[in-house]
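Student: As a plain string of letters, each chain reads:
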Amino acid sequence: MTSNRAAELKALILPATIDTLTMVFYSSFFAIIIGTVLGIVLYLSKPGSLRPNRFLNFIIGAIVNIGRSMPFIILIIIIIPFTKLIAGSSIGNNAFIVSLTIAAIPFVARIMEASFAEVDSGVIEAAKAMGASVFQIVTRVLLPESSQSIISNITITVINIVGYSAMAGTVGGTGLGPVAIRYGYVKFQADTLFFSVLILIIFVQLIQTIGSYASNNIVNLTHTISKWVKKY
Amino acid sequence: MIIVKDLVKIYKSKDKDICALDGVCLEIPKGQIFGVIGLSGAGKSSLVRCISSIEKPTSGEILIGGKNISKLSEKKLRTARKNIGMVFQHFNLLMNRTVFENIAFPLEIHHISRSEITSRVDELLELVGLTDKKNSYPATLSGGQKQRVGIARSLAIRPEILICDEATSALDPLTTHSILSLLKEINKKIQLTMLVITHEMSVIKDICERVAVMESGKIIEEGNVTDVFVKPKTALAKSFFEDKNLLLSHDIYSGILTGNSYVVKVNFIGDNSVDPYISNAIKKFDVDIAILAGNIQQVAGTIIGTLIIEIRGSGEKIKDTTSYFTSEGLLMEVVANDI
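The listed protein sequences correspond, in order, to chains A and B. For the first sequence, position 223 matches number 223 in this note's numbering, and the numbering has no gaps at all. In short: position in the second sequence from 1, add 1000, done, that's this note's numbering.
Treat each hint with caution, since some may be false.
[To be verified] Below, computed lysine to aspartate or glutamate pairings styled on DMTMM-like, alpha-carbon distance capped at 25 Å: (1) B:K1133 / B:D1122; (2) A:K46 / B:D1017; (3) B:K1030 / B:E1160; (4) A:K230 / B:E1108; (5) A:K46 / B:D1015.
Worth flagging that the hints you see were computed from the coordinates, not collected in a lab.
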């Protein structure tokens, strides 16, 4: 490989990497926050839970199921009006962030709900018997007690979003996916394809490693952080 | 002080309604340890869940410290719960919190200041003997240690009453004993009113002053533990309190009757267990007495001795002997006779 070709590749792949990172970061961020809130609502509104509400549970459950059964490519098209409303345009990276977020929210909501359901009901009952409010139970029992599993969920979600981000090209977005397709596949540049894919693999490996470490050490980590916060 | 009046709890399901509590009445004065014993499904758990207001009773009243908690709004109920401490069978500790943080949990909920929490938790850790485990996580503790954390946590907000729901049922006999001694010690120290729910007779025997026997949602027998222990009225109470080593099988004892004899069971309770009744009777009435079986145990702090004896002699003399025992206040029951 000539140094000329290397410079070309760098000019192509480096900005694409940054674009992918940006898109994955923002859509993961919004999807996890909104999805977790929906997961909490699903958990609390279940019959026999702390705030049973059959109607609310059914409606949110139905929306989540519809969202999850939709192929991503179709979802992108269907939500175009909504994307336009939020991002101001139906094409480009911002538009794609909206689509990615919307696609990930139902998934996050369901896996978070499942994590909350794993928290021992006896512990919830004990907190209730001690006089904890529903808000206190959520913030002091439900979330901390399922933190290991929440971190695993976040890891899975981010990795899924990295995968979906390859489809940014469909709405005129940029990033490693479109570069790999446009240059690697359409223009037969094997080296471009190779390096794009390599960077994606490194991404996923990194996310999984960090996620697993954080999941195993979340309790110690939060303690260290809270001690550190108290110090300063 | 806990007063329960005509408590009814009906669980509605599609097929049929299940009546878990059927008019339960209780009165537990301040500082007393009150036991409720019953088999699974007798309604013990429903009773606890209603008194701790985890569930709303279908009808009836629950007064704790003079306050009717069955009629409070949810917000007021949360404050009222400060008055009730609970110890659970499966400890229900927060696994991601240290021992210290677990005990601090109820204090945090009720917005107690940081410095106060630290001093209170340290005090409780000392009370339950876990100061060295302060920063350990529940997963690293033994069952008995976990229950000590549970007890410390239940006492954190200084409740007036403590409910122990099968608190020792998941523990081995030795640990059970140490947990019961701890509960008794706490009861003495701070005059805590305690409601102890269990299916283990030994728990009642060890720490309770009064006991209620439950069956199918009703209290079928209630009284001082010593009384219920030596003179159970209902078959269920009998099956709980009967000494399995002194089974009064008529068949066994009638087999050894030697002609002109009675086999009787005599209970010696408290102070009168040390007087020499047997030798007195032999001297006084010229009868022979053979001891067939016997034991001695402590029930609610009272020594109770039980002897199964065969009294041999003429019918008249045996009658004199038995009436002598009765007149001395011993509890006596004829098991078999061949006169």
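Student: Each hint: holds or not?
Tutor: Quick rundown of the hints versus the structure:
1. B:K1133 / B:D1122: holds, 11 Å
2. A:K46 / B:D1017: holds, 22 Å
3. B:K1030 / B:E1160: holds, 8 Å
4. A:K230 / B:E1108: holds, 17 Å
5. A:K46 / B:D1015: holds, 22 Å
Comparing the model with each numbered hint stated earlier shows that all of them hold.
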